[in-house]
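Peer 1: The chain contents come next:
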Amino acid sequence: GAGVSQSPSNKVTEKGKDVELRCDPISGHTALYWYRQRLGQGLEFLIYFQGNSAPDKSGLPSDRFSAERTGESVSTLTIQRTQQEDSAVYLCASRRPGLADNEQFFGPGTRLTVL
Amino acid sequence: GEDVEQSLFLSVREGDSSVINCTYTDSSSTYLYWYKQEPGAGLQLLTYIFSNMDMKQDQRLTVLLNKKDKHLSLRIADTQTGDSAIYFCAEESGGYQKVTFGTGTKLQVIP
Chain E
65 GAGVSQSPSN
75 KVTEKGKDVE
85 LRCDPISGHT
95 ALYWYRQRLG
105 QGLEFLIYFQ
115 GNSAPDKSGL
125 PSDRFSAERT
135 GESVSTLTIQ
145 RTQQEDSAVY
155 LCASRRPGLA
165 DNEQFFGPGT
175 RLTVL
Chain Z
2 GEDVEQSLFL
12 SVREGDSSVI
22 NCTYTDSSST
32 YLYWYKQEPG
42 AGLQLLTYIF
52 SNMDMKQDQR
62 LTVLLNKKDK
72 HLSLRIADTQ
82 TGDSAIYFCA
92 EESGGYQKVT
102 FGTGTKLQVI
112 P
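Heads up: the sequence lines are chains E and Z, in that order. In case it helps, this note's numbering puts the first sequence at residues 65 to 179. In case it helps, this note's numbering puts the second sequence at residues 2 to 112.
These aren't lab readings, by the way, just hints derived from the structure by calculation. Take these hints with a grain of salt, some might be off.
Stated by the list, open to error - Short derived list, chain E residues pointing at chain Z, Cβ under 8 Å: (1) 105; (2) 107; (3) 109.
Said to hold, decoys possible - Lysine-lysine pairs mimicking DSBU-like chemistry, simulated, CA-CA at most 30 Å apart: (4) E:121 <-> Z:68; (5) E:121 <-> Z:37; (6) Z:71 <-> E:121.
Since we're looking at a predicted model, the values are computed, not measured. We put the CB at the ideal spot given by N, CA and C, even for glycine.
Construct the complete structure from the given sequences, taking the supplied hints into account.
Peer 2: If you want it as structure tokens, here you go:
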């Protein structure tokens, strides 16, 4: 596809379960970002990948959150032992290499609801 | 660390100008961005400004940057109902391409 895709689009889970969210960036985009947007709030930076490495993981809320990226393409964000406060839309964005003024292209997000 | 703040809400009448303000803390910011999020849609880049510029104009949009005060603004001339959306300010920190977003300003345009 031409844009950033994320799956699933919606996920409802029970408290305490693990979830895995997937992001497929635009081909050739070396930078990949994960953000969290709680209802009615702004974007909260979670983690950033440059290629396969993550120079900045400072936004991950707790050790229940982890992310990986393989082959400069797909990334997965895993949340273990989900809590109700994890309910949010998780957004992924990718960016092509080059000058820093390149646009971040956002996916449609995964809406996570923890019951 | 980086911190970006915006007012949460702005209401204007159709045809008036809108001014959305943003403050940031990272003095090493290289680029500053304005993104737009329409209801049910993803974020899209509206415009950006390099940190050594004071102003950038793009059709109805004017971006003003006061680097000394770390203040960024977005002016929308002749605001239309289609401009109703949430506007996010974002800054890029030098070195790592880390982009930090503000809380977003919800713009309501009254017909």
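Peer 1: Kindly indicate which numbered hints from before are broken by the structure, ordering the numbers from low to high.
Peer 2: none
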